[in-house]
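Using the sequences provided together with the hints, build the complete structure.
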Amino acid sequence: MHSIMRSAVNSAFKQGAINRKISTTAALNVKLMVRDALNSAIDEEMERDETVFVIGEEVAQYDGAYKVTRGLWRKYGDKRMIDTPISEMGFTGIAVGAAMAGLKPICEYMTFNFAMQSIDQIINSAGKTFYMSAGSVAVPIVFRGPNGAAAGVAAQHSQCYGAWYTHCPGLKVISPYSSEECRGLLKAAIRDPDPVVFLENEILYGIAFETSEEAMSKDFLLPIGKAKIEKSGDHITLISHSKGVGTCLDAASELAKEGISCEVINLRTLRPMDVETIFKSVMKTNHVVSVEQGWPQCGIGSEICARIMESPVFDYLDAPVIRVTGADVPMPYASSLEALALPRAQDVILAVKKVLNVQ
Amino acid sequence: MFKSCLFRVLSFQRSFRLLANDRYVRPSIARCSSSKLSTSEAKVNTNNDRPQFPGSRSEWTQKLAFTRNTDYDGIPVYRVMNRDGSIIDESQDPNLGEAKITKIYKGMTLLNTMDRVLYESQRQGRISFYMTSFGEEGTHFGSAAALNDDDLVFGQYREGGVIMWRGFNLQQVMDQCYGNIDGNDKGRQMPVHYGDKNLHFVTISSTLATQMPQAVGAAYHFKRQANGKVVICYFGEGASSEGDAHAALNFAATLDCPIIFFCRNNGYAISTPTHEQYRGDGIAGRGSGYGIASIRVDGNDTLAVYNVTAAARNYCIEESKPVLIEAMTYRIGHHSTSDDSSAYRSVDEVRYWHQQDHPISRLRKYMELKGLWDDAKEKEWKEESRRQVLQAFVAAEKKPKPNVIEMFTDVYNEMPDNLRSQYNDLKAHLKVYKEHYPIKNFNELTEELC
Numbered sequence: 000m001h002s003i004m005r006s007a008v009n010s011a012f013k014q015g016a017i018n019r020k021i022s023t024t025a026a027l028n029v030k031l032m033v034r035d036a037l038n039s040a041i042d043e044e045m046e047r048d049e050t051v052f053v054i055g056e057e058v059a060q061y062d063g064a065y066k067v068t069r070g071l072w073r074k075y076g077d078k079r080m081i082d083t084p085i086s087e088m089g090f091t092g093i094a095v096g097a098a099m100a101g102l103k104p105i106c107e108y109m110t111f112n113f114a115m116q117s118i119d120q121i122i123n124s125a126g127k128t129f130y131m132s133a134g135s136v137a138v139p140i141v142f143r144g145p146n147g148a149a150a151g152v153a154a155q156h157s158q159c160y161g162a163w164y165t166h167c168p169g170l171k172v173i174s175p176y177s178s179e180e181c182r183g184l185l186k187a188a189i190r191d192p193d194p195v196v197f198l199e200n201e202i203l204y205g206i207a208f209e210t211s212e213e214a215m216s217k218d219f220l221l222p223i224g225k226a227k228i229e230k231s232g233d234h235i236t237l238i239s240h241s242k243g244v245g246t247c248l249d250a251a252s253e254l255a256k257e258g259i260s261c262e263v264i265n266l267r268t269l270r271p272m273d274v275e276t277i278f279k280s281v282m283k284t285n286h287v288v289s290v291e292q293g294w295p296q297c298g299i300g301s302e303i304c305a306r307i308m309e310s311p312v313f314d315y316l317d318a319p320v321i322r323v324t325g326a327d328v329p330m331p332y333a334s335s336l337e338a339l340a341l342p343r344a345q346d347v348i349l350a351v352k353k354v355l356n357v358q
Numbered sequence: 000m001f002k003s004c005l006f007r008v009l010s011f012q013r014s015f016r017l018l019a020n021d022r023y024v025r026p027s028i029a030r031c032s033s034s035k036l037s038t039s040e041a042k043v044n045t046n047n048d049r050p051q052f053p054g055s056r057s058e059w060t061q062k063l064a065f066t067r068n069t070d071y072d073g074i075p076v077y078r079v080m081n082r083d084g085s086i087i088d089e090s091q092d093p094n095l096g097e098a099k100i101t102k103i104y105k106g107m108t109l110l111n112t113m114d115r116v117l118y119e120s121q122r123q124g125r126i127s128f129y130m131t132s133f134g135e136e137g138t139h140f141g142s143a144a145a146l147n148d149d150d151l152v153f154g155q156y157r158e159g160g161v162i163m164w165r166g167f168n169l170q171q172v173m174d175q176c177y178g179n180i181d182g183n184d185k186g187r188q189m190p191v192h193y194g195d196k197n198l199h200f201v202t203i204s205s206t207l208a209t210q211m212p213q214a215v216g217a218a219y220h221f222k223r224q225a226n227g228k229v230v231i232c233y234f235g236e237g238a239s240s241e242g243d244a245h246a247a248l249n250f251a252a253t254l255d256c257p258i259i260f261f262c263r264n265n266g267y268a269i270s271t272p273t274h275e276q277y278r279g280d281g282i283a284g285r286g287s288g289y290g291i292a293s294i295r296v297d298g299n300d301t302l303a304v305y306n307v308t309a310a311a312r313n314y315c316i317e318e319s320k321p322v323l324i325e326a327m328t329y330r331i332g333h334h335s336t337s338d339d340s341s342a343y344r345s346v347d348e349v350r351y352w353h354q355q356d357h358p359i360s361r362l363r364k365y366m367e368l369k370g371l372w373d374d375a376k377e378k379e380w381k382e383e384s385r386r387q388v389l390q391a392f393v394a395a396e397k398k399p400k401p402n403v404i405e406m407f408t409d410v411y412n413e414m415p416d417n418l419r420s421q422y423n424d425l426k427a428h429l430k431v432y433k434e435h436y437p438i439k440n441f442n443e444l445t446e447e448l449c
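Chains as they are written, first to last, in numbering that gives the first Met the number 0: chain A, 0 to 358; chain B, 0 to 449.
Treat the hints as calculated values from the structure; they're not laboratory data.
Treat the hints with care, since some could be wrong.
[To be verified] Pair by pair, the computed Cβ-Cβ distance ranges are: (1) A:A305 to B:R56: 38 to 46 angstroms; (2) B:G124 to A:P192: 35 to 43 angstroms; (3) A:Y332 to B:V346: 55 to 63 angstroms; (4) A:P222 to B:N197: 28 to 36 angstroms; (5) B:T66 to A:G70: 41 to 49 angstroms; (6) A:G134 to B:R115: 26 to 34 angstroms.
[Unchecked claim] With the Cβ distance kept under 10 angstroms, some of the chain B side facing chain A (calculated, not the full set): (7) N94; (8) G96; (9) A217; (10) T253; (11) E413; (12) D416.
None of these values were measured; they are calculated from a predicted model.
Each residue gets a CB set at the ideal place from its N, CA and C atoms; glycine is no exception.
What follows is the structure in structure tokens.
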């Protein structure tokens with residue numbers, strides 16, 4: 000399943016020049032690319048725990064299709080950096096079996112689009128074995144790789160699996176945004192006793208985020224299941240994950256110029272979902288827009304809406320929630336259409352104005 | 000590990016071809032052009048004109064000819080006894096000794112008796128589902144007896160005899176099938192989906208062939224540990240058509256894992272006969288294509304299965320390589336209680352295997368010839384085993400079901416808040432409406448709600 004990833008890799012590197020600042024984080028002193036954040040997280044956890052290893056296609060000598068595992072083969076060798084023949088269902092099954100036997104595999108997919116070949120192993124075996132064995136066989140494993148739309152790789156390489164895996168009990172699902180959370184959450188995922196689906200974003204790989212010194216510590220962990228308020232605000236809550244968080248922050252800056260104050264929630268973990276943070280924010284702003292790159296039906300936004308409606312905070316809403324999502328079509332190849340098929344800051348701004356009933 | 004330098008270079012060439020435009024190719028070239036390339040050049044024999052294609056190891060030819068499976072006779076079926084239980088070549092008699100051979104025979108017959116009782120209990124609606132192992136007892140006990148008890152087992156689903164050999168007793172089997180409080184999976188799995196960590200038997204996964212790559216993963220761990228253990232992975236000839244089977248065999252070969260792939264070729268995948276399942280020389284015939292040592296054995300000859308599995312185990316450990324065993328047998332029972340095999344095969348066909356080539360009767364004849372068994376012992380054991388089965392059966396039926404909290408535990412290592420709140424809601428509901436629920440059937444629930 001290598002297919003046309005080459006162009007995706009190139010496009011990701013072109014994005015490498017972009018630097019994004021997060022205005023709300025204090026004491027910034029390091030700039031760290033998401034790719035390097037993930038790489039250092041894996042490296043440190045492999046150093047810390049002999050049972051951690053990486054398995055996937057091109058992860059070893061080639062340093063990973065997106066270079067996330069750069070240098071690790073030279074450091075840890077063939078024993079712990081395993082290139083496999085091309086079969087997602089094969090190496091995922093190998094990883095699940097190795098986890099059952101006591102190892103802690105990090106299973107890399109060249110993209111999560113290819114992990115569909117192995118989704119039975121992820122859901123039926125990794126996600127359910129602990130329960131089916133009455134708690135006697137744990138499957139501590141991290142399934143990771145780029146998820147969602149990249150650039151110019153069309154329908155079969157541009158899909159968000161957040162909603163798919165979030166549907167399944169037994170799995171934890173993380174969809175990080177910044178370098179800091181890629182480090183803190185990937186390290187936490189590797190140490191976690193449950194199977195974790197770790198959804199990265201190819202476009203973000205090459206982006207450098209300002210990162211606190213604390214986050215560079217080898218002991219830096221972030222709690223799975225906790226959202227982050229990226230930006231505090233009063234008038235409306237924007238809820239998103241992964242690259243959508245950046246879209247929300249861009250929209251929030253624009254809207255601030257018009258006097259509209261947005262609170263931006265970065266979910267970080269999709270399952271378990273941190274509804275407490277969402278509910279508190281709803282009670283404060285009384286308005287919500289959800290933003291995601293995935294499709295609308297049964298999506299993350301749908302879940303947010305349902306959770307709000309089923310809880311007492313529904314009464315705090317002054318207007319219906321609007322979901323800003325990817326267009327409900329397979330991703331077009333034409334770059335002009337691709338841009339339109341994904342949520343843009345302008346789409347978020349329009350949704351916010353509609354919810355707040357302003358022009 | 001385990002890959003030659005030559006392979007590394009070939010692997011590099013593959014990467015180069017696929018990702019030639021990528022900017023990261025250059026550092027790779029720099030890396031590979033050092034010591035490794037020169038090593039590979041040393042391996043090229045310039046005197047002899049042979050194909051140099053990556054992965055190729057054959058000769059040139061000017062004869063245009065397809066290689067067909069009919070060019071070969073099939074892989075022969077290894078056996079030790081003939082159908083009358085006589086040893087054909089004395090050198091092949093494993094001479095297991097009275098204690099071990101009696102344990103094997105008693106295990107096979109106990110499984111058979113238990114299958115009859117549990118099959119009937121499903122027909123009476125007392126358990127939801129069952130699968131018998133009629134006719135395949137020899138594959139279970141012949142292979143299990145040749146392994147060490149801490150070798151890891153990945154079963155498909157029809158390997159009850161293997162876990163029983165390890166010490167999973169009748170009561171544990173019955174408790175699992177009834178899903179009662181003593182069932183070691185807390186009533187979460189369908190009947191016959193046995194598993195026991197202490198017995199090194201991984202919980203059965205219903206989805207066909209998923210256990211195969213997992214077994215390779217576990218074998219890889221054993222290899223890393225160099226712990227002298229092997230993994231045995233059971234699967235049917237039907238499961239071998241799944242993509243997972245291909246991936247597992249290929250990965251086991253390329254990763255050099257100590258694993259025994261044990262195919263129970265019992266003639267049918269539910270209703271699909273072998274001639275609709277594959278066109279080649281069965282499952283063993285695929286082994287050489289993967290670079291895996293393979294053998295075909297008479298699965299109804301328990302001693303032959305024992306010899307083959309013992310030899311496979313030695314090979315796995317000594318060579319750190321996988322082995323493929325295809326045990327030829329016949330599924331005398333229906334696929335499961337959801338199946339009626341009279342729709343797709345004749346009663347005469349089934350009767351032939353039951354009467355003429357049953358692994359239990361063949362082993363019994365062998366033991367009688369050796370003076371290890373007789374009619375009196377048979378009669379006594381038949382009564383004793385049936386008594387044991389019914390005793391466990393009755394006990395299992397009387398035990399309460401697990402507490403309702405077990406519906407919410409073990410989804411995650413720690414119970415998340417949403418499951419905790421669902422559990423609390425359920426309890427509050429049961430407290431109010433308990434007279435509408437059979438709460439007395441559930442362990443300690445009555446006390447909790449009062």
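Evaluation of the provided hints:
Roughly 60 angstroms separates the CB atoms of A305 (chain A) and R56 (chain B), a value that falls outside the hinted 38 to 46 angstroms. Under the hint 35 to 43 angstroms, the C-beta atoms of G124 (chain B) and P192 (chain A), about 39 angstroms apart, fit the expected range. Between Y332 (chain A) and V346 (chain B) the C-beta distance comes to about 59 angstroms, which sits within the given range of 55 to 63 angstroms. Distance hint check for P222 (chain A) and N197 (chain B): the Cβ-Cβ separation is about 34 angstroms, which falls inside the suggested range of 28 to 36 angstroms.
Hint check: T66 (chain B) to G70 (chain A), Cβ distance near 44 angstroms, so the stated range 41 to 49 angstroms holds. Checked against the given bound of 26 to 34 angstroms, the beta carbons of G134 (chain A) and R115 (chain B), roughly 33 angstroms apart, stay inside it. The closest approach between the C-beta of N94 (chain B) and any C-beta of chain A is roughly 34 angstroms, which is over the 10 angstroms cut-off, so the hint fails. Of the supplied interface hints, the one on G96 (chain B) is violated, with its beta-carbon coming no nearer than about 32 angstroms to a beta-carbon of chain A, more than 10 angstroms.
Below 10 angstroms, beta-carbon pairs count as interface contacts, and A217 (chain B) has one with chain A at about 4 angstroms; its hint therefore holds. Given the 10 angstroms rule on beta carbons, the hint for T253 (chain B) holds: about 6 angstroms separates it from the nearest Cβ of chain A. Annotation: interface hint on E413 (chain B) holds; nearest CB of chain A at approximately 9 angstroms, less than 10 angstroms. For D416 (chain B), the interface hint holds, the least distance from its beta-carbon to any beta-carbon of chain A being 7 angstroms, beneath 10 angstroms.
Violated hints, in rising order: 1, 7 and 8; the structure is consistent with all others.
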